[in-house]
Amino acid sequence: MGGQKPTRVTNNIKALRTARGDMTQAELAERLGVTRQTVIAIEQGRYSPSLEMAFQIARALQVTLDEVFHYPNQD
Amino acid sequence: MEERIVCVYLVLVIATSATYFAVIASRLRGTPASQVEWVTPMLWTLGISIVGTIVGTILATIAASIRQGVRGRPVDIEHGTDERDREIKRYGTRKTQAIVGVGLGGGLILAMIDADTFWIGNFLFLIGTLSAIVETNVKIRAYRRGF
Chain A
350 MGGQKPTRVT
360 NNIKALRTAR
370 GDMTQAELAE
380 RLGVTRQTVI
390 AIEQGRYSPS
400 LEMAFQIARA
410 LQVTLDEVFH
420 YPNQD
Chain B
193 MEERIVCVYL
203 VLVIATSATY
213 FAVIASRLRG
223 TPASQVEWVT
233 PMLWTLGISI
243 VGTIVGTILA
253 TIAASIRQGV
263 RGRPVDIEHG
273 TDERDREIKR
283 YGTRKTQAIV
293 GVGLGGGLIL
303 AMIDADTFWI
313 GNFLFLIGTL
323 SAIVETNVKI
333 RAYRRGF
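Taken in sequence, the protein lines are chains A and B. Each residue of the first sequence is one higher than the one before, counting from 350 in this note's numbering. Each residue of the second sequence is one higher than the one before, counting from 193 in this note's numbering.
It should be emphasised that the hints constitute simulated quantities derived from the structure, not laboratory data. Among the hints, erroneous ones may be present.
[Said to hold, decoys possible] Partner residues aside, some chain A positions facing chain B, computed with beta carbon under 8 Å:
{"no.": "1", "residue": "Pro355"}
{"no.": "2", "residue": "Thr356"}
{"no.": "3", "residue": "Thr387"}
{"no.": "4", "residue": "Ile389"}
{"no.": "5", "residue": "Arg395"}
{"no.": "6", "residue": "Tyr396"}
{"no.": "7", "residue": "Ser399"}
{"no.": "8", "residue": "Met402"}
{"no.": "9", "residue": "Ala403"}
[Claimed, not checked] Result set (SDA-like, lysine to any residue): computed pairs, CA atoms no more than 20 Å apart in a straight line:
{"no.": "10", "chain 1": "B", "residue 1": "Lys281", "chain 2": "A", "residue 2": "Pro355"}
{"no.": "11", "chain 1": "B", "residue 1": "Lys281", "chain 2": "B", "residue 2": "Gly320"}
{"no.": "12", "chain 1": "B", "residue 1": "Lys281", "chain 2": "A", "residue 2": "Lys363"}
{"no.": "13", "chain 1": "A", "residue 1": "Lys363", "chain 2": "B", "residue 2": "Gly338"}
{"no.": "14", "chain 1": "B", "residue 1": "Lys281", "chain 2": "A", "residue 2": "His419"}
{"no.": "15", "chain 1": "B", "residue 1": "Lys287", "chain 2": "B", "residue 2": "Gly239"}
{"no.": "16", "chain 1": "B", "residue 1": "Lys287", "chain 2": "A", "residue 2": "Pro355"}
{"no.": "17", "chain 1": "B", "residue 1": "Lys287", "chain 2": "A", "residue 2": "Glu392"}
{"no.": "18", "chain 1": "B", "residue 1": "Lys281", "chain 2": "A", "residue 2": "Ile389"}
{"no.": "19", "chain 1": "B", "residue 1": "Lys281", "chain 2": "A", "residue 2": "Thr356"}
{"no.": "20", "chain 1": "A", "residue 1": "Lys363", "chain 2": "A", "residue 2": "Glu392"}
{"no.": "21", "chain 1": "A", "residue 1": "Lys363", "chain 2": "B", "residue 2": "Arg337"}
For each residue, glycine too, the CB sits at the ideal point set by N, CA and C.
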């Protein structure tokens, strides 16, 4: 793998948590019903959540899905 | 929590299996395989792996919470499994399918050629050990680097 992230999907979760009054990873994890480690893995791009969880994250952060997750163009 | 269980299990599988194979190898010296007592040591190995994983995980969890307390962090002990844990579990199982397949085939061949139960039992145990080591390594890598 050589340090390359396993997914090309990037996200703004950390910035959006801060924008929502410094919501902690633990608080977001509790709202999503997952462990804090999973939230950390998603934030760091080590894990791509399911579509359903992606919608739940967007809802918890009160933004739309494409404000949270981004996928770069091929070129 | 799941990652901790996997780490403890990996250490125990390596330690107990290495001990088991060392004991069996020493018994095999100068004794025909059919006369080597292997069932009881194998049952002990399996039992210690299972009980050791439970006890080891509890101790590792206590140690982690003490470490957090010493560092002045709020104690944050997570339990249960979530979507990521389940996906990593499936991923780990998928990666060992080839080893399990070889094990099944090899076990069948040994039975077909009427090999002693010592060889059938120990071959299957070896396959189980290899499979567990590969699976836990794959899972730990997935937890730490993603997949």
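Status of the hints after comparison with the structure:
Below 8 Å, beta-carbon pairs count as interface contacts, and Pro355(A) has one with chain B at about 4 Å; its hint therefore holds. Checking Thr356(A) against chain B: minimum C-beta separation of about 7 Å stays under 8 Å; hint holds. Given hint, Thr387(A) at the interface with chain B, holds; its Cβ is 4 Å from that chain's nearest Cβ, closer than 8 Å. A hinted interface residue such as Ile389(A) counts as satisfied when its beta carbon comes closer than 8 Å to some beta carbon of chain B; here the least separation is about 10 Å, so the hint is violated.
Annotation: interface hint on Arg395(A) holds; nearest CB of chain B at approximately 3 Å, less than 8 Å. At a threshold of 8 Å, the smallest CB-CB gap from Tyr396(A) to chain B is about 5 Å, leaving the interface hint in force. Because the smallest distance between the Cβ of Ser399(A) and any Cβ of chain B comes to about 6 Å, under 8 Å, the interface hint for this residue holds. A hinted interface residue such as Met402(A) counts as satisfied when its beta carbon comes closer than 8 Å to some beta carbon of chain B; here the least separation is about 6 Å, so the hint holds.
With a cut of 8 Å, the hint placing Ala403(A) at the interface with chain B is violated, because the nearest CB-to-CB distance is about 11 Å. At roughly 17 Å between alpha-carbon atoms, Lys281(B) and Pro355(A) fall within 20 Å of each other, so this suggested pair holds. For the given pair, Lys281(B) sits about 16 Å from Gly320(B) by alpha-carbon distance, which is consistent with the 20 Å threshold. With a C-alpha separation of about 27 Å, the suggested pair Lys281(B) and Lys363(A) falls outside the 20 Å cut-off, and the hint is violated.
Taken as a hint, the Lys363(A) and Gly338(B) pair is honoured in the structure, with Cα atoms around 18 Å apart against an allowance of 20 Å. For a cut-off of 20 Å, the pair hint linking Lys281(B) to His419(A) is broken: about 27 Å separates their Cα positions. This hinted pair does not check out: Lys287(B) and Gly239(B) have alpha carbons roughly 25 Å apart, beyond 20 Å. Between Lys287(B) and Pro355(A) the CA atoms are separated by roughly 17 Å; this keeps the pair inside 20 Å, and the hint holds.
A hinted pair counts as satisfied when its Cα atoms are at most 20 Å apart, and Lys287(B) with Glu392(A) does not qualify at roughly 26 Å. Of the supplied pair hints, the one linking Lys281(B) and Ile389(A) holds, its CA atoms being roughly 19 Å apart against a limit of 20 Å. Distance hint between Lys281(B) and Thr356(A) is fulfilled; the C-alpha atoms sit about 19 Å from each other, no more than 20 Å. Restraint check: the Cα-Cα separation between Lys363(A) and Glu392(A) comes to about 7 Å, which is no more than 20 Å; the hinted pair holds.
Distance check on the hinted pair: Lys363(A) and Arg337(B) sit about 19 Å apart at the alpha-carbon level, within 20 Å; holds.
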